[in-house]
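There are 2 protein chains.
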Amino acid sequence: MNYERLFSKDTGNFMRSPVRDIFKKVDLSAICSFAGGYPDAATFPLDDIKELCALVLDRYGAKAVQYGATQGVTELREAIAERYGVPLANIQITTSSQQGIDVCTRILADPGDVILTTSPTYLGALQSFKSYRAEIVPLAGFSEESAGVPAETLARAKFCYVIPDFQNPGGTTMSLEERRLLCALSEKYGFVIVEDAPYRELRYSGEPVPTIWSLAPDRTLHLGTFSKIFAPGFRLGWIFGPEELLDKIYVCKQSLDLCPPVLDQYMAAEFMSSGRLDANLRKSIELYRGKRDLMLSLLERYMPEGVSWTHPEGGLFLFLTLPPQVDTVALYDRALGAGVAYVAGSFFYPDGSHRNTMRLNFSFLDRSRMEEGIKLLADVVASAV
Amino acid sequence: MNYERLFSKDTGNFMRSPVRDIFKKVDLSAICSFAGGYPDAATFPLDDIKELCALVLDRYGAKAVQYGATQGVTELREAIAERYGVPLANIQITTSSQQGIDVCTRILADPGDVILTTSPTYLGALQSFKSYRAEIVPLAGFSEESAGVPAETLARAKFCYVIPDFQNPGGTTMSLEERRLLCALSEKYGFVIVEDAPYRELRYSGEPVPTIWSLAPDRTLHLGTFSKIFAPGFRLGWIFGPEELLDKIYVCKQSLDLCPPVLDQYMAAEFMSSGRLDANLRKSIELYRGKRDLMLSLLERYMPEGVSWTHPEGGLFLFLTLPPQVDTVALYDRALGAGVAYVAGSFFYPDGSHRNTMRLNFSFLDRSRMEEGIKLLADVVASAV
Chain U
1 MNYERLFSKD TGNFMRSPVR DIFKKVDLSA ICSFAGGYPD AATFPLDDIK ELCALVLDRY
61 GAKAVQYGAT QGVTELREAI AERYGVPLAN IQITTSSQQG IDVCTRILAD PGDVILTTSP
121 TYLGALQSFK SYRAEIVPLA GFSEESAGVP AETLARAKFC YVIPDFQNPG GTTMSLEERR
181 LLCALSEKYG FVIVEDAPYR ELRYSGEPVP TIWSLAPDRT LHLGTFSKIF APGFRLGWIF
241 GPEELLDKIY VCKQSLDLCP PVLDQYMAAE FMSSGRLDAN LRKSIELYRG KRDLMLSLLE
301 RYMPEGVSWT HPEGGLFLFL TLPPQVDTVA LYDRALGAGV AYVAGSFFYP DGSHRNTMRL
361 NFSFLDRSRM EEGIKLLADV VASAV
Chain L
1 MNYERLFSKD TGNFMRSPVR DIFKKVDLSA ICSFAGGYPD AATFPLDDIK ELCALVLDRY
61 GAKAVQYGAT QGVTELREAI AERYGVPLAN IQITTSSQQG IDVCTRILAD PGDVILTTSP
121 TYLGALQSFK SYRAEIVPLA GFSEESAGVP AETLARAKFC YVIPDFQNPG GTTMSLEERR
181 LLCALSEKYG FVIVEDAPYR ELRYSGEPVP TIWSLAPDRT LHLGTFSKIF APGFRLGWIF
241 GPEELLDKIY VCKQSLDLCP PVLDQYMAAE FMSSGRLDAN LRKSIELYRG KRDLMLSLLE
301 RYMPEGVSWT HPEGGLFLFL TLPPQVDTVA LYDRALGAGV AYVAGSFFYP DGSHRNTMRL
361 NFSFLDRSRM EEGIKLLADV VASAV
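Chains as they are written, first to last, in the working numbering: chain U, 1 to 385; chain L, 1 to 385.
Same shape as in the complex, but just chain U (with noise of 0.2 Å):
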């Protein structure tokens, strides 16, 4: 049968993830990966989840494994409200972050419409942009006169998606003024602004900086996930939206998936409330100090002059810049060959440029394999220098 006369314009457009489908060809655990975004095994609490399992089910019944609410169950919406302030009406409960970014790209983009992004940016949402044919517009900065982006261009922008905490892949952090100066460019030409924020909590070193949500409520689409700060596995996270916009991302949700895993979200409610996700939160965040500050000196240690990297104050990654000369895409059989994984940076440019750069994670593997890994790496590097 000829399939192909049969598929949408859509999936003309579908960008397969180098990150997903290096999963599918390599097992990953037999070499130094660096190339996930997978939180360290230790932060997960077993023992936690098998206990808040047996009590959900004593406390809740079959109602915690029938079908759910579309928006979430409320108790987890209640926990979520407590703790980040947010009214219940403003909180929809997704089926992971990236249900989030495909739902509000959903709810937002038409073919051809303009989303504008930082450049990198996480590949996740470049993939949901490019899969409804949206037009992919790079910021250089978050002004009118520092974007470099034309006027006629800002005012076809359906919304800006910003990483503002630790992005994926930079590491970087947006400052106060660069928060505010995006409100206003939103402000001046009436786009959303759609603010991921996975790692918000995983903050090692410096002052946290508001929210853009706390900014500008009333713009301003927040997502939020159980995936750093409880266990990807889940599936969980949220958006924080004015009730306008929620409401159609409630319509649209009831024909994605009806609702969330209900035994997950009372799960996920009871970690929260009962304080055990803050007691896991602060060991985690331990952890992860220590394997940032570890790779941060091991890179320095061993890598060859005319590279450089970021120092991200949280999160899971940092981004390094190679000198001109080095293909990172081209290089990466050669790494794979010698026993050590990342992700070549390009992928998260949306034009596909910054051939020499590269995304490394340092909150999945051990201390030791992390040494040894970036020793692999440096050689690696050394050699195409």
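Take the hints with a grain of salt, since some may be wrong.
If several chains are the same, the list does not tell them apart, and a pair holds so long as it fits within one copy or across any two.
[Said to hold, decoys possible] Cross-link-like lysine to aspartate or glutamate pairs, in silico, EDC-like; alpha carbons within 20 Å at most:
hint: 1; residue 1: K375; residue 2: D113
hint: 2; residue 1: K63; residue 2: D47
hint: 3; residue 1: K63; residue 2: D366
hint: 4; residue 1: K130; residue 2: E145
hint: 5; residue 1: K188; residue 2: D351
hint: 6; residue 1: K63; residue 2: D247
hint: 7; residue 1: K9; residue 2: D113
hint: 8; residue 1: K63; residue 2: E51
hint: 9; residue 1: K188; residue 2: E144
hint: 10; residue 1: K63; residue 2: D27
hint: 11; residue 1: K283; residue 2: E313
hint: 12; residue 1: K9; residue 2: D247
hint: 13; residue 1: K375; residue 2: E187
hint: 14; residue 1: K63; residue 2: D40
hint: 15; residue 1: K375; residue 2: E82
hint: 16; residue 1: K283; residue 2: D366
hint: 17; residue 1: K130; residue 2: D110
hint: 18; residue 1: K130; residue 2: D247
hint: 19; residue 1: K9; residue 2: E313
I should point out that these hints are in silico values taken from the structure, not numbers from a laboratory. These numbers were taken from a predicted model, which means no experiment stands behind them.
With chain U's structure known, arrange chain L on it following the hints.
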């Protein structure tokens, strides 16, 4: 802020679920509700679930709550492959079979494309099709002669959506002859068949009919779900399909939600492969057979003359046809006031016709509430005849 100018064209076609909106407004536990498609809470194996959670956490450790593969965890795909005799390469796990419907529509239908359906059909599918601005064309029959659809329209069809077993809302089952006719029609006109089979394993009488997937695996996307054979709160389903179609679905799912919920998948795999599913299913079938029989006898006893209904061999629903002057949409508030809920049948017709019909669920209420509810409903109907 003016959000209206920002919304995508799709949002203009979003259709609210009257069923889900009822759940938002009314405390259904206070009335006799035949409205939802909820399984009987007594079929949920709560003790098993508690055990399964502890068991998979002990066996798989951190892997059970880490990110998983986009196609689903191998153990679950293997359990499904074994149970249904389908090759592993033809199985994609979905985050609910509603997501299965959504993702099939996304990869196949552009705005204005034809999707063939029966009429009536599942409301959540209509929501999805409308949200992509497809043209929904009802088939009167499954042969070229009986379809009642011009050849040029059939030639524009991307897929035909059917629920062959114990259809929602009708409770009806397609004969083998009808399935074969549909396969022939799809072959002649080059469209795919989306076979939604959520109720297939809930057969209370009669003989199973082969799936459309078994008749035409190269042109069928078959959707299954754990919602009616385990518990709906898990939001897990699967698609059987040709590899070329599954590959597009795989890439699409990366940007939809990365992967299905992981702990839930391991629990479902163990529920299936340990034999617990079959044991639980036998009990559920016994329970539902009794409820279906009770519902049929109650309708016989209480409904006024001029009311007829389907006699399903399985599933969760039956469908009432009232005298032509009765408008079940208009009658709804009176029914709710009397303490009984249903879903007006016209919501299941793509053109909103058949306002003298209603869908009744017989799985959810216990036996005494069911009798109370049918008495109330019969009075409301009698008052309108």
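Verification of the hints:
1. Taking the shortest alpha-carbon separations for K375 and D113, neither the intra-copy value of 45 Å nor the inter-copy value of 55 Å comes in at or below 20 Å.
2. In this homomeric assembly, K63 and D47 come within 20 Å of each other (Cα to Cα) only across copies, at 14 Å, whereas the closest approach inside a single copy is 23 Å.
3. Proximity of K63 to D366 under the C-alpha cut-off of 20 Å is restricted to the inter-copy arrangement: shortest distance 16 Å between copies versus 40 Å within a copy.
4. For a Cα distance limit of 20 Å, the shortest separation of K130 from E145 qualifies neither inside one copy, at 27 Å, nor across copies, at 42 Å.
5. In this homomeric assembly, K188 and D351 never come within 20 Å of each other (Cα to Cα): the closest approach is 27 Å inside a single copy and 43 Å across copies.
6. For the identical chains of this complex, K63 and D247 are neighbours neither inside a copy (25 Å) nor across copies (36 Å), given an alpha-carbon limit of 20 Å.
7. Both within a single protomer and between protomers do K9 and D113 lie at most 20 Å apart by alpha-carbon distance, with minima of 15 Å and 11 Å respectively.
8. Taking CA atoms no more than 20 Å apart as the test, K63 paired with E51 passes in both settings, with 18 Å inside one copy and 18 Å between copies.
9. Taking the shortest alpha-carbon separations for K188 and E144, only the intra-copy value of 10 Å comes in at or below 20 Å, while the best inter-copy value is 57 Å.
10. Taking CA atoms no more than 20 Å apart as the test, K63 paired with D27 passes between copies only; the shortest distance there is 14 Å, against 39 Å inside one copy.
11. In the homo-oligomer, the alpha carbons of K283 and E313 lie at most 20 Å apart inside one protomer (17 Å), although the nearest pairing across protomers, at 55 Å, exceeds that limit.
12. In this homomeric assembly, K9 and D247 come within 20 Å of each other (Cα to Cα) only across copies, at 16 Å, whereas the closest approach inside a single copy is 27 Å.
13. In this assembly of identical chains, the alpha carbons of K375 and E187 never lie at most 20 Å apart, being 48 Å within a copy and 58 Å across copies at closest.
14. Taking the shortest Cα distances, K63 and D40 sit within 20 Å of each other only across copies (11 Å), while inside one copy they are farther apart (32 Å).
15. For the homomeric pair K375 and E82, neither the shortest alpha-carbon distance inside one copy (45 Å) nor that between copies (45 Å) is at most 20 Å.
16. Taking the shortest Cα distances, K283 and D366 sit within 20 Å of each other inside one copy (15 Å), while across copies they are farther apart (48 Å).
17. For the homomeric pair K130 and D110, the shortest alpha-carbon distances inside one copy (11 Å) and between copies (16 Å) are both at most 20 Å.
18. Taking the shortest Cα distances, K130 and D247 sit within 20 Å of each other only across copies (17 Å), while inside one copy they are farther apart (24 Å).
19. Taking CA atoms no more than 20 Å apart as the test, K9 paired with E313 passes in neither setting, with 41 Å inside one copy and 40 Å between copies.
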